[in-house]
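In terms of the working numbering, the sequence shown has 183 at position 183, counting the first letter as 1, and numbering is strictly consecutive.
Incorrect hints may have been included.
To be verified - Okay, the calculated beta carbon distance ranges per label pair:
(1) 73 x 105: 35 to 43 Å
(2) 105 x 159: 34 to 42 Å
(3) 224 x 66: 40 to 48 Å
(4) 106 x 160: 18 to 26 Å
(5) 159 x 38: 37 to 45 Å
(6) 73 x 123: 28 to 36 Å
By construction, these hints were calculated from the structure, which means they are not laboratory data.
The structure displayed is predicted, hence computed values, not measured ones.
Backbone N, C-alpha and C fix where the C-beta goes; we use that ideal spot for every residue, glycine too.
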Amino acid sequence: MTSPYFPAPAVVFDLDATLVDSEPTYYEAARRLLAEHGAPGFTWAEHLAFIGIGVHETLAALRARYGIEAPVAELVAAQDVLYLELARTSTEVFPQMRQFVELLHRRDVAMAVASGSSRAAIEAVLEGTGLDVYLTTHVSAEEVAHGKPEPDVFLEAARRLGAPPAGCVVLEDSAPGAAAAHAAGMRCIAIPYVAATAGDPAFAAAGLLFPGGQGEFTAQAAYDWLFPRAGARPAPARRDPSS
1 MTSPYFPAPA VVFDLDATLV DSEPTYYEAA RRLLAEHGAP GFTWAEHLAF IGIGVHETLA
61 ALRARYGIEA PVAELVAAQD VLYLELARTS TEVFPQMRQF VELLHRRDVA MAVASGSSRA
121 AIEAVLEGTG LDVYLTTHVS AEEVAHGKPE PDVFLEAARR LGAPPAGCVV LEDSAPGAAA
181 AHAAGMRCIA IPYVAATAGD PAFAAAGLLF PGGQGEFTAQ AAYDWLFPRA GARPAPARRD
241 PSS
């Protein structure tokens, strides 16, 4: 019997703010770290500007902004300690994302995580949320030469999955991440964590965009876009109505 579906792609997930709602935890870890180095008052609004940027690049920028003398590597290690203390017990998976992962797993789709977080942070979050059962392949920014918006983490994820970049679909919440997916030659499903960024030019190349972010994303809509029924017209990409 002929399958009613088209061949499955490989799917690569960003972790923070895409699969899991970890940004409040990262913010709290960064706030504590900066306060320890004489820079109190780091705000949530300031943190939002760094969503989608790797930990190393973020702390390098904050070190320069606040005139912190400690080396970037030391700051990264210290924030990891603070983050891991919080992340193991306080990180939650977005419900529709968990459902999407389970749908893909039942279809035997190859999956990976490619994140700007450290390897230790990725493993702690996946284990703490139970996603490690499904997502056994992961790449951290510290394992490649350049973080997002460069394509390195996505290309390495594809290599580890044994999939051609053109056969991969990335799920991303940030403009730098969407730009990295495009640079890697991969299709992208974009779910902006900050809804106000949905009109960012980096999202223009996304094959499927949920302008309302996680509040609008559904596992079934993403699945149907990935696997349209044979003979059915593919779902059109959703665009930000204000752009």
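Structure-based check of each hint:
no. : hint                  : result
1   : 73 x 105: 35 to 43 Å  : holds, 36 Å
2   : 105 x 159: 34 to 42 Å : violated, 21 Å
3   : 224 x 66: 40 to 48 Å  : holds, 46 Å
4   : 106 x 160: 18 to 26 Å : holds, 22 Å
5   : 159 x 38: 37 to 45 Å  : holds, 42 Å
6   : 73 x 123: 28 to 36 Å  : violated, 20 Å
Of the hints listed earlier, those the structure fails to meet are numbers 2 and 6, in rising order.
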